[in-house]
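Student: With the hints as extra help, turn the sequences into a complete structure.
Here the protein sequences line up with chains Y and U, keeping their order.
According to the working numbering, numbering within the first sequence proceeds without interruption in unit steps and concludes at 483.
According to the working numbering, numbering within the second sequence proceeds without interruption in unit steps and concludes at 497.
Just so you know, the hints here were simulated from the structure itself, not pulled from any lab data.
Treat the hints with care, as some may be off.
[As the list claims (entries may be wrong)] Short, incomplete list of chain U residues facing chain Y, as computed with Cβ under 7 Å:
1. N235
2. R253
3. V262
4. A273
5. S295
6. P322
7. W329
8. M382
9. I419
10. R431
11. I437
12. Q455
[Stated by the list, open to error] Here are the simulated PhoX-like cross-link-like pairs (lysine-lysine), alpha carbons at most 25 Å apart as the crow flies:
13. U:K132 to Y:K357
14. U:K5 to Y:K360
15. Y:K382 to U:K246
16. U:K113 to Y:K360
17. Y:K156 to Y:K259
[What the hints assert, rightly or not] Stretches of chain Y that chain U covers, calculated by requiring three or more beta carbons in the stretch to come under 8 Å of a beta carbon on chain U:
18. 107-121
19. 282-290
20. 324-333
21. 346-352
22. 396-408
Quick caveat, the model's predicted, so the values are computed rather than measured.
No residue lacks a Cβ here, since even glycine has one placed at the ideal position from N, Cα and C.
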Amino acid sequence: MAKDLRVTRIEDLPGPKSKEELEEMKMPYEEYCRQQFDVGNEFSKPQALDGIRWLSTTMYIFTPHSVANIAEMGAEVIKIEMPRMGDPMRHTSPFNECYLYPLHDSRPMTGAGMGFLGANDSEYYITMDYHLDEMKEAFYRMVKMSDGLTECYRPGTFDRWKQSYRYVQELNPRFIYVWGGGFGYGPKCFGGSYDILGQSHAGLGSVTGFHETFGGHCAKHSNWCIDWYSGTQITFGMLAALHWRRKTGLGTMIEFSQVQAATRCLGYAAPLYGRFGIVRQRWGNWDTQLCAHGIILCGKSDFPDAKNPQDKYDARYAMVSAFQDEDFKELCAVTGNQQLYDKYKATKDRVEGEAQVEIYAALEKWAEDKSRSEVVKILQDAGLLAEPVMNDREVYESEHFRQRGSIRWIDDPTYGDVLVQSAYSSGLMAKTPRRQTWIWRTVGADNVKIYHEMLGYPMSKVEEWYEKAWI
Amino acid sequence: MAEKRDIEINSRADTMDLMNPEIRPWPVTPPPTAEWVMENTYAKRKAEDFGKWSEDNLRFEYAFAKPEALQGKRFLCAGIWRLGNKFCTALLAEAGAEVINIEPPGGDPLRKLTPFGREEYMLEDKMTGEKCGLDFLHEMRGQKSVTLNLETEEGQAIFKALAAHCDAVIDEMPPGYMDNLGIGYRDLSELYPSLIYCNIAVRGTWGPYKDKLSKFGQWTLEPFGGCANAFVHNTGFPQDQLPRKSGGSPTRSGVWFADYVAGEQAANTILAAMYWRDELGGTGQFCEVTGAESQLDILDFDIGWYGFNGSIKARTGGWDPNLNQYAWNPCRDGYMMIGGQTDRLWYRIGMCIERDMPQFGRLIHEDPILKEMGARNALEMLTKTYTMTARWLRNINRIEAEEKLMEYEIAAGPLLFIDEVAEFPHFKYRPWVATIDTDHYGTILYSVPPNNYQMRTPHRVKSMGRPTGFDTYEILQKYAGVGQTKVNELKGKGVI
Numbered sequence: 013m014a015k016d017l018r019v020t021r022i023e024d025l026p027g028p029k030s031k032e033e034l035e036e037m038k039m040p041y042e043e044y045c046r047q048q049f050d051v052g053n054e055f056s057k058p059q060a061l062d063g064i065r066w067l068s069t070t071m072y073i074f075t076p077h078s079v080a081n082i083a084e085m086g087a088e089v090i091k092i093e094m095p096r097m098g099d100p101m102r103h104t105s106p107f108n109e110c111y112l113y114p115l116h117d118s119r120p121m122t123g124a125g126m127g128f129l130g131a132n133d134s135e136y137y138i139t140m141d142y143h144l145d146e147m148k149e150a151f152y153r154m155v156k157m158s159d160g161l162t163e164c165y166r167p168g169t170f171d172r173w174k175q176s177y178r179y180v181q182e183l184n185p186r187f188i189y190v191w192g193g194g195f196g197y198g199p200k201c202f203g204g205s206y207d208i209l210g211q212s213h214a215g216l217g218s219v220t221g222f223h224e225t226f227g228g229h230c231a232k233h234s235n236w237c238i239d240w241y242s243g244t245q246i247t248f249g250m251l252a253a254l255h256w257r258r259k260t261g262l263g264t265m266i267e268f269s270q271v272q273a274a275t276r277c278l279g280y281a282a283p284l285y286g287r288f289g290i291v292r293q294r295w296g297n298w299d300t301q302l303c304a305h306g307i308i309l310c311g312k313s314d315f316p317d318a319k320n321p322q323d324k325y326d327a328r329y330a331m332v333s334a335f336q337d338e339d340f341k342e343l344c345a346v347t348g349n350q351q352l353y354d355k356y357k358a359t360k361d362r363v364e365g366e367a368q369v370e371i372y373a374a375l376e377k378w379a380e381d382k383s384r385s386e387v388v389k390i391l392q393d394a395g396l397l398a399e400p401v402m403n404d405r406e407v408y409e410s411e412h413f414r415q416r417g418s419i420r421w422i423d424d425p426t427y428g429d430v431l432v433q434s435a436y437s438s439g440l441m442a443k444t445p446r447r448q449t450w451i452w453r454t455v456g457a458d459n460v461k462i463y464h465e466m467l468g469y470p471m472s473k474v475e476e477w478y479e480k481a482w483i
Numbered sequence: 002m003a004e005k006r007d008i009e010i011n012s013r014a015d016t017m018d019l020m021n022p023e024i025r026p027w028p029v030t031p032p033p034t035a036e037w038v039m040e041n042t043y044a045k046r047k048a049e050d051f052g053k054w055s056e057d058n059l060r061f062e063y064a065f066a067k068p069e070a071l072q073g074k075r076f077l078c079a080g081i082w083r084l085g086n087k088f089c090t091a092l093l094a095e096a097g098a099e100v101i102n103i104e105p106p107g108g109d110p111l112r113k114l115t116p117f118g119r120e121e122y123m124l125e126d127k128m129t130g131e132k133c134g135l136d137f138l139h140e141m142r143g144q145k146s147v148t149l150n151l152e153t154e155e156g157q158a159i160f161k162a163l164a165a166h167c168d169a170v171i172d173e174m175p176p177g178y179m180d181n182l183g184i185g186y187r188d189l190s191e192l193y194p195s196l197i198y199c200n201i202a203v204r205g206t207w208g209p210y211k212d213k214l215s216k217f218g219q220w221t222l223e224p225f226g227g228c229a230n231a232f233v234h235n236t237g238f239p240q241d242q243l244p245r246k247s248g249g250s251p252t253r254s255g256v257w258f259a260d261y262v263a264g265e266q267a268a269n270t271i272l273a274a275m276y277w278r279d280e281l282g283g284t285g286q287f288c289e290v291t292g293a294e295s296q297l298d299i300l301d302f303d304i305g306w307y308g309f310n311g312s313i314k315a316r317t318g319g320w321d322p323n324l325n326q327y328a329w330n331p332c333r334d335g336y337m338m339i340g341g342q343t344d345r346l347w348y349r350i351g352m353c354i355e356r357d358m359p360q361f362g363r364l365i366h367e368d369p370i371l372k373e374m375g376a377r378n379a380l381e382m383l384t385k386t387y388t389m390t391a392r393w394l395r396n397i398n399r400i401e402a403e404e405k406l407m408e409y410e411i412a413a414g415p416l417l418f419i420d421e422v423a424e425f426p427h428f429k430y431r432p433w434v435a436t437i438d439t440d441h442y443g444t445i446l447y448s449v450p451p452n453n454y455q456m457r458t459p460h461r462v463k464s465m466g467r468p469t470g471f472d473t474y475e476i477l478q479k480y481a482g483v484g485q486t487k488v489n490e491l492k493g494k495g496v497i
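Tutor: Here's what the structure looks like:
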């Protein structure tokens, strides 16, 4: 019914419409955020990508993570692994120490290593030896029923197996096809790649670590961060392609080089080199563009009596930041280094390399007889920014991450209580929150669901394929 | 190839123009030709057809002849100091969206940052002479610059008008800042229920350990995020490999890495929220992505490991506790990365090294523990393997090591610095750094977006950062109906 312009309705007026809304408007920001994000009730809300189905013929971390991102947001993802063996990442674990076993099955070889954690959560798991001609039809059936696929094989492999974009776009023009790998078309097209190759080959390692002047070496980022970070950028490509497909009905193919993604995050390195020929170097725990803004070593550990050496010997580092003039002045005053402020009043002067060496040396001298928490407290009490460098235990115990739900124990249907740090931490959404339904499932756990129920193959066929190790 | 010149260097000033792109254009030596690649790469794998198809459909050079994925989408960004919001909006802009970047009238303070405070490495706007730092120029790519003082009523009114045209607002101001001004999600969602609103922060805008300002108003910047999620603690060399302060300390990433991760997850969050709004839910929503947490998401299994058996991860330098071999170790002229964990690859690495150093065969191949793939990851086994590998490497250069290892088809590569990256044949062939001839700052070498290689909707870089407020007149006229006379008047009042 058309609106009667003579009538003023309360819902057309700006401002709160009900008592609840009025309260919401008055609520402190902090409380409002808690109410909106409503941590812990994720499963009572819808999911952003509900209805999307994606195939994941991926291994390791990089390409799996690109798809796990959308699985956490509600897409139905079917992960396809090699029969019997599964993803090689299932066999990877720190110092070969940590394997998770299904609660119902603790036979040898049924465990999966911690290395597999976080990269493939909330997906369905099937197996298929898809290079066999016999399995081609099942593969094509899945292509016709899905929105896209992400694969990580050497370039040309899927083409040889007649399942590259050249072939599948004929079956499903809406299909979005992603190849993620090391290099992409070009002279090193067939080069294999790892996270660490991205870090080293593309320049990230050259800017991380202590400079050789201080006796340091190029340092590897502790984690497979280039794998994960590049995977997330693939997700961006996939989502953008989905938006374009809503408009045009057409899919696309994305060829994504992981090694290149490492060059992308080098900030001023490329333009500085291109214009001035200056090669960006590593600069340890300090910042090339801000001072003071760095990590300092304190004299005493916060936990001198702890058993774990990480607590006992390494709870000694604090991040100190006072780069604006007033902050730096206060920092110098608090640490008894007035002469430094007199010498380096201007931002420009204290960011110079020699100045930084002098400033941080003076700060570490001051911190020599103090513990990390003393250093942090003194600076925070002076109104400055300083925080401890926390280890895994402290992060686990952090009330902040607990309240925000980014680290939590989940009751996994196959593995029981598992501590997870992924999915929930990658971003809060008030109406369609990310969630983790399970950490992963066993190899081929959903073969019947997919081959029999979705693709319509009789159970006898599914069993036959299983016997032959085709699935 | 640039011509050789005699030069004399007496001061830093003499070095300034040695590398100017007009004098020494990138690349210094030409990349391999398509014919060379066909013959030496695709043909050798009998993949000529596939290679040709890939190049015909995915090439970087064809991007501008293809449509853009997010054409018609529009985003409003209020964020300064950090790269999270800049990277997020850079991704959106590269994919074809229009991004309006709001800066305070003096410009984003990030514009003033330059390595070691050296102003000579900032770029000067050809027209106004205004200087801008390279991090900012590089990450503000594709976005439009509008200046607006959000603390004034007029500024807020204009901000609200701009938001009416946008799919999402990106907010990277301190906790509660926008909300206090009456232009946060609470207020904008009343006006525009379909608007998506995404906070970006280091540790968060709410919660017991949220972002702080110093008493003088200084912001929390990276690497505070990495310090809060154990990334810094876990990175770097252990003190028994290097003394503390000489690398044997927890080590931050050389770049503001958590900012980049937050930026890309924010972009994903926004696109997913838009998909839900358009396809299913019909309304916008409130989102928040932080550097500390989005990086926590990608710290492998580190926290989960603590939950498993109380292990607190330690630093392992260039090594990886999960894989053998998978490390970079020093060689004569730098560092060489070698990887290969499965028996097939692991023994091939050994066979390669054994040719020069027969001990490797005896000590490594014949060790019963090293024969088993899982057992190879024990710490003593890593030490043993890498000690021998580094002994081999110390006598040879990166290029020699790469050639030797490539004969065995091992995933190996030298650790490259940016000048080497820019000239590496594969990298300049694709290319993954490229030059753009900009209207304000001359020719700039930039990192190419990895989503640039697509069949239908390649992402692309259309412009680098802009001078402060360059697009103010156009955007305010177009989306807020504020004409130039009014803009000038507001400028006088300090609103713009």
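Student: Hints the structure violates: just list their numbers, smallest first.
Tutor: 8, 11, 14, 21
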